[in-house]
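Given the structure of chain F, go ahead and fit chain B with the ligand onto it with the hints provided.
Chains as they are written, first to last, in our numbering: chain F, 1 to 68; chain B, 1 to 587.
Hints in this document: simulated from the structure, not taken from any laboratory. Every residue, glycine too, gets a C-beta built ideally from N, C-alpha and C. Treat each hint with caution, since some may be false.
Partial pick of chain F residues on the chain B-facing surface, computed with a CB cut under 7 angstroms [stated by the list, open to error]:
| no. | residue |
| --- | --- |
| 1 | Glu7 |
| 2 | Pro8 |
| 3 | Pro13 |
| 4 | Asp14 |
| 5 | Tyr17 |
| 6 | Glu18 |
| 7 | Ile21 |
| 8 | His24 |
| 9 | Ser32 |
| 10 | Gln34 |
| 11 | Asp63 |
Below, computed lysine to aspartate or glutamate pairings styled on EDC-like, alpha-carbon distance capped at 16 angstroms [stated by the list, open to error]:
| no. | chain 1 | residue 1 | chain 2 | residue 2 |
| --- | --- | --- | --- | --- |
| 12 | B | Lys101 | B | Asp147 |
| 13 | F | Lys22 | B | Asp397 |
| 14 | B | Lys11 | B | Asp307 |
| 15 | B | Lys21 | B | Asp147 |
| 16 | F | Lys22 | B | Asp408 |
| 17 | B | Lys402 | F | Asp29 |
| 18 | B | Lys402 | B | Glu229 |
| 19 | B | Lys101 | B | Asp268 |
| 20 | B | Lys501 | B | Asp515 |
| 21 | B | Lys402 | F | Glu18 |
| 22 | B | Lys11 | B | Asp397 |
| 23 | B | Lys584 | B | Asp375 |
Selected chain F positions facing chain B (Cβ under 10 angstroms, derived; list incomplete) [said to hold, decoys possible]:
| no. | residue |
| --- | --- |
| 24 | Arg3 |
| 25 | Arg9 |
| 26 | Ile10 |
| 27 | Leu20 |
| 28 | Arg25 |
| 29 | Leu27 |
| 30 | Asp29 |
| 31 | Leu35 |
| 32 | Asn36 |
| 33 | Ala60 |
| 34 | Glu62 |
Below, each chain spelled out in residue letters.
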Amino acid sequence: MGRLSTEPRITRPDDFYEALIKAHRGLSDEQSRQLNASLILILANQVGDFEVLQQALNLAQEDGVARD
Amino acid sequence: MSGPDPAARQKGVRQSYSYPKYPFRRPAAVDSGTVEHQRVVIVGAGSVGLAAAVEFACLGIETVVLDDDDTVSAGSRAICWSKRTLEVLDRSGVAEPMVDKGVIWRQGRVYRGEREIYNFDLLPEAGHKMPAFINLQQYHTEEYLVDRAVTLGKTDLRWRNAVVDIDLDLDDGDPDDGGDLQGGGGALLTVDTPDGRYQIRADYVLAADGVRSTLRRAMGLEFQGRTFEERFLITDIRMNADFPMERRFWFEPSFHAGQSALLHRQPDNIYRIDLQLGPDADPVEESKPERVIPRVCKMVGEDLDFDLEWISVYTFTCRRMERFRHGPVFFVGDAAHVVSPFGARGGNGGIQDIDNLVWKLALVLGGEAPAALLDSYDAERLPAADENILNSARSTDFMTPKNQVSADFRRAVLSLAERAPFARTLVNSGRLSLPHVYAATALSTGDDDAFAGDGPVPGASALDAPVLLNGAQSWLLNHLGQRFVALCFVDPEALGDDWIKAWSKALASLTPSVDLVVVGRSDIASRSSIAILDDISGQAFARWAAKPGSVYLLRPDQHVAARWLEAPTVSVLAAALARAIARKEAG
Ligand SMILES: Cc1cc2nc3c(=O)[nH]c(=O)nc-3n(C[C@H](O)[C@H](O)[C@H](O)COP(=O)(O)OP(=O)(O)OC[C@H]3O[C@@H](n4cnc5c(N)ncnc54)[C@H](O)[C@@H]3O)c2cc1C
Numbered sequence: 001m002g003r004l005s006t007e008p009r010i011t012r013p014d015d016f017y018e019a020l021i022k023a024h025r026g027l028s029d030e031q032s033r034q035l036n037a038s039l040i041l042i043l044a045n046q047v048g049d050f051e052v053l054q055q056a057l058n059l060a061q062e063d064g065v066a067r068d
Numbered sequence: 001m002s003g004p005d006p007a008a009r010q011k012g013v014r015q016s017y018s019y020p021k022y023p024f025r026r027p028a029a030v031d032s033g034t035v036e037h038q039r040v041v042i043v044g045a046g047s048v049g050l051a052a053a054v055e056f057a058c059l060g061i062e063t064v065v066l067d068d069d070d071t072v073s074a075g076s077r078a079i080c081w082s083k084r085t086l087e088v089l090d091r092s093g094v095a096e097p098m099v100d101k102g103v104i105w106r107q108g109r110v111y112r113g114e115r116e117i118y119n120f121d122l123l124p125e126a127g128h129k130m131p132a133f134i135n136l137q138q139y140h141t142e143e144y145l146v147d148r149a150v151t152l153g154k155t156d157l158r159w160r161n162a163v164v165d166i167d168l169d170l171d172d173g174d175p176d177d178g179g180d181l182q183g184g185g186g187a188l189l190t191v192d193t194p195d196g197r198y199q200i201r202a203d204y205v206l207a208a209d210g211v212r213s214t215l216r217r218a219m220g221l222e223f224q225g226r227t228f229e230e231r232f233l234i235t236d237i238r239m240n241a242d243f244p245m246e247r248r249f250w251f252e253p254s255f256h257a258g259q260s261a262l263l264h265r266q267p268d269n270i271y272r273i274d275l276q277l278g279p280d281a282d283p284v285e286e287s288k289p290e291r292v293i294p295r296v297c298k299m300v301g302e303d304l305d306f307d308l309e310w311i312s313v314y315t316f317t318c319r320r321m322e323r324f325r326h327g328p329v330f331f332v333g334d335a336a337h338v339v340s341p342f343g344a345r346g347g348n349g350g351i352q353d354i355d356n357l358v359w360k361l362a363l364v365l366g367g368e369a370p371a372a373l374l375d376s377y378d379a380e381r382l383p384a385a386d387e388n389i390l391n392s393a394r395s396t397d398f399m400t401p402k403n404q405v406s407a408d409f410r411r412a413v414l415s416l417a418e419r420a421p422f423a424r425t426l427v428n429s430g431r432l433s434l435p436h437v438y439a440a441t442a443l444s445t446g447d448d449d450a451f452a453g454d455g456p457v458p459g460a461s462a463l464d465a466p467v468l469l470n471g472a473q474s475w476l477l478n479h480l481g482q483r484f485v486a487l488c489f490v491d492p493e494a495l496g497d498d499w500i501k502a503w504s505k506a507l508a509s510l511t512p513s514v515d516l517v518v519v520g521r522s523d524i525a526s527r528s529s530i531a532i533l534d535d536i537s538g539q540a541f542a543r544w545a546a547k548p549g550s551v552y553l554l555r556p557d558q559h560v561a562a563r564w565l566e567a568p569t570v571s572v573l574a575a576a577l578a579r580a581i582a583r584k585e586a587g
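One chain only, chain F, in its complex shape (with noise of 0.2 angstroms):
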């Protein structure tokens, strides 16, 4: 079974950040939710694996719970 990886992995971390704020720039809310989709998609296909991205929604639910 895939495990999740959650070591810095990124090659060039500030420069993916910029990146992806950038192409949320002049998008409208809703632009924006669509564009997130769509690109949680995409990786989600490059990820391919389907229990590693069960233990990416894992981690993305708990932290969504530990936020409030």
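For chain B with the ligand alone, kept in the frame of chain F given last:
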């Protein structure tokens, strides 16, 4: 010297530092009315202009420094000085008093609310003379620089000499270049003093006159970039507390709801506090002690007694000139580029400017390098300024999300950071100043592939290591810089005395001459004609990815010009040297 805003000096706010007052002396040209001639004039005695002056002095070059004021930096500005800055200033003997006085740190802690989400270590290994960072008030740094310049005795420091105009349209007698802007004609500076006006014709001018540069304006040059709307309160407080020697940064702390906060410890029991205020804060109201005191109490605790040393409210900008060199005039430091302070890239970036420039001017003035070498100042320092601007702008952006999506992503990153280490790399509370690598410079010779990219690449700055010299403790960096060096890694057992003699002789006969510095793994210095630096810990070999026979050619600013895993011939090294000073070889 210019502080942020004199109006910020309110009742109840008092600096404990007593400012030196440097004497004004009436320049001879005020009376004679003749135009004085100088080779190098530095306009502005801030940390950058003064650092240039002491480096010139160490290279044997006399300069005149003109400053419109008669003391050191007013108010509270730079505090964080980077390892590279200290290494540069160590060449001229200024770093030691700075490190002695400064608060040494290398750890940063990042909090969300009151919880630490992660911490980082900027120098996790031992074996470097200089620490990752020290905190030291800018006025102390400038005072040490002035003291050093006076001791070295080659700097004519002229206080209360304000440059009011500059004229480049001088005829150098060369009909081919239009008579100006090529450096041949120099620049004519008009200077106002309390006793009257005079003029200096300078072969070269360093414009180190700060963010509001008179020279930049007088020459009609643009200063473009971005202004951030966010306002930040910067206050220095004095208190008897024993907070750790580290950088602490809070996102959304309860003591300052919804905003960010930064705490730095300085010498003399002074602490620097940065509080984000939002774009709508009223700078006048927010600078009032009665507004500031409650904010500070909430942060440091109600039971701690403190005095206010300084208060100011800032907005930040990131800007640079399109080019830093204009004929005989070289813009350095804040005059050339400004950044927001997150990452401590302003003063430290300025020191790297003069690190890059001074040796080039010295070689050109000494007739040892062609004037074309001076073009490399723009080629090397413009990308460095862009790197500083990019990093400080990103940090400021992260602290001040501009829209809902960026706020959402930031919240997600901060909340993931505690559990998912990858998210920490996306948290941006400041990317602290590092030496720029001159990756694309024409002065470097292409890398030797045999290194496989390990060790300092061409364009990178030298790496320190502890060494023994004749049995006494020393540091590798103290043997590099201020002239070209061929740093040779050897196996002393296998090395013949003849080789050392022949090499040092051949290198000394090059123009400019190259010093041989030899590093070996054991000290058999007594046997050879040149002292061998003993790499006691093996860190020199390891950090430089060297093996016996490896050679690095280092520029006077301690940046790598070329390197070879297997020793090159003298003529190969000479070709790299020619390239490093922009000399075109025949054929
Ligand atoms: C709040 C704050 C915090 C900062 N923190 C840091 C930090 O931690 N680390 C860091 O590296 N940087 C920091 N900086 C940036 C740093 O202060 C500047 O980058 C640095 O002072 C630039 O030095 P300089 O010599 O180029 O310019 P300045 O220090 O501004 O010096 C310019 C000098 O020129 C003189 N001058 C001006 N006009 C004339 C004229 N016409 N004739 C003669 N003389 C003139 C002025 O009096 C002054 O002495 C900070 C800045 C601020 C505002």
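Going down the list of hints, with the structure as the test:
At a threshold of 7 angstroms, the smallest CB-CB gap from glutamate 7 of chain F to chain B is about 5 angstroms, leaving the interface hint in force. Contact between proline 8 of chain F and chain B, as hinted, is supported at the beta carbon level, the nearest pair being about 5 angstroms apart and thus within 7 angstroms. For proline 13 of chain F, the suggested interface contact is upheld, since its CB lies about 4 angstroms from the closest CB of chain B, less than 7 angstroms. A distance limit of 7 angstroms between C-beta atoms decides the matter here; for aspartate 14 of chain F the minimum to chain B is near 6 angstroms, and the interface restraint holds.
Evaluation of the tyrosine 17 of chain F hint against chain B yields a held restraint, the C-beta minimum of about 5 angstroms falling below 7 angstroms. Hint status for glutamate 18 of chain F: holds, given a least beta-carbon distance of 6 angstroms to chain B, under 7 angstroms. The beta carbon of isoleucine 21 of chain F comes within 5 angstroms of a beta carbon in chain B, closer than 7 angstroms, and the hint placing it at the interface holds. At a threshold of 7 angstroms, the smallest CB-CB gap from histidine 24 of chain F to chain B is about 4 angstroms, leaving the interface hint in force.
Nearest Cβ of chain B to the Cβ of serine 32 of chain F: about 5 angstroms, under the 7 angstroms cut. The hint holds. The interface hint given for glutamine 34 of chain F is violated, since its Cβ lies 12 angstroms from the closest Cβ of chain B, which is over the 7 angstroms cut-off. A least Cβ separation of about 5 angstroms between aspartate 63 of chain F and chain B falls short of the 7 angstroms threshold, and the interface hint therefore holds. Distance check on the hinted pair: lysine 101 of chain B and aspartate 147 of chain B sit about 15 angstroms apart at the alpha-carbon level, within 16 angstroms; holds.
Of the pairs offered as hints, the one joining lysine 22 of chain F and aspartate 397 of chain B holds, with about 11 angstroms between alpha carbons and a cut-off of 16 angstroms not exceeded. At most 16 angstroms may separate the alpha-carbon atoms for a hinted pair to count; lysine 11 of chain B and aspartate 307 of chain B meet this at roughly 12 angstroms. Restraint check for lysine 21 of chain B and aspartate 147 of chain B: satisfied, since their Cα atoms lie roughly 13 angstroms apart, inside the 16 angstroms limit. Proposed proximity of lysine 22 of chain F and aspartate 408 of chain B is supported: the alpha carbons are some 14 angstroms apart, at most 16 angstroms.
Taking the CA atoms of lysine 402 of chain B and aspartate 29 of chain F, the gap is near 13 angstroms; set against the 16 angstroms cutoff, the hint holds. Proximity of lysine 402 of chain B to glutamate 229 of chain B is assessed by CA-CA distance (about 10 angstroms); at most 16 angstroms being required, the pair is judged to hold. A distance of roughly 9 angstroms separates the Cα atoms of lysine 101 of chain B and aspartate 268 of chain B; the hinted pair therefore holds under the 16 angstroms criterion. Distance hint between lysine 501 of chain B and aspartate 515 of chain B is fulfilled; the C-alpha atoms sit about 12 angstroms from each other, no more than 16 angstroms.
For a cut-off of 16 angstroms, the pair hint linking lysine 402 of chain B to glutamate 18 of chain F stands: about 13 angstroms separates their Cα positions. Simply put, lysine 11 of chain B and aspartate 397 of chain B have alpha-carbon atoms about 34 angstroms apart, too far for the 16 angstroms limit, and the pair is violated. For the hint pairing lysine 584 of chain B with aspartate 375 of chain B, the CA-to-CA distance comes to about 14 angstroms; that is within 16 angstroms, so the pair holds. For arginine 3 of chain F, the shortest C-beta to C-beta distance to chain B is roughly 13 angstroms, which exceeds 10 angstroms, and the interface hint is violated.
With 10 angstroms as the threshold, the beta carbon of arginine 9 of chain F comes within range of chain B, its nearest partner Cβ sitting at about 6 angstroms, so the hint holds. At about 7 angstroms, the closest approach between the beta carbon of isoleucine 10 of chain F and any beta carbon in chain B falls short of 10 angstroms, and the interface hint on this residue holds. For leucine 20 of chain F, the suggested interface contact is upheld, since its CB lies about 7 angstroms from the closest CB of chain B, less than 10 angstroms. A least Cβ separation of about 8 angstroms between arginine 25 of chain F and chain B falls short of the 10 angstroms threshold, and the interface hint therefore holds.
With 10 angstroms as the threshold, the beta carbon of leucine 27 of chain F comes within range of chain B, its nearest partner Cβ sitting at about 8 angstroms, so the hint holds. Proximity of aspartate 29 of chain F to chain B holds as hinted, the smallest CB-CB distance being about 6 angstroms (cut-off 10 angstroms). The interface hint given for leucine 35 of chain F holds, since its Cβ lies 9 angstroms from the closest Cβ of chain B, which is under the 10 angstroms cut-off. Taking 10 angstroms as the C-beta contact cut-off toward chain B, the hint placing asparagine 36 of chain F at the interface holds, the least distance being around 8 angstroms.
About 8 angstroms separates the beta-carbon of alanine 60 of chain F from the nearest beta-carbon of chain B, less than 10 angstroms, and the hint is met. The beta carbon of glutamate 62 of chain F comes within 8 angstroms of a beta carbon in chain B, closer than 10 angstroms, and the hint placing it at the interface holds.
When held up to the earlier numbered hints, the structure conflicts with 10, 22, 24 and fits the remainder.
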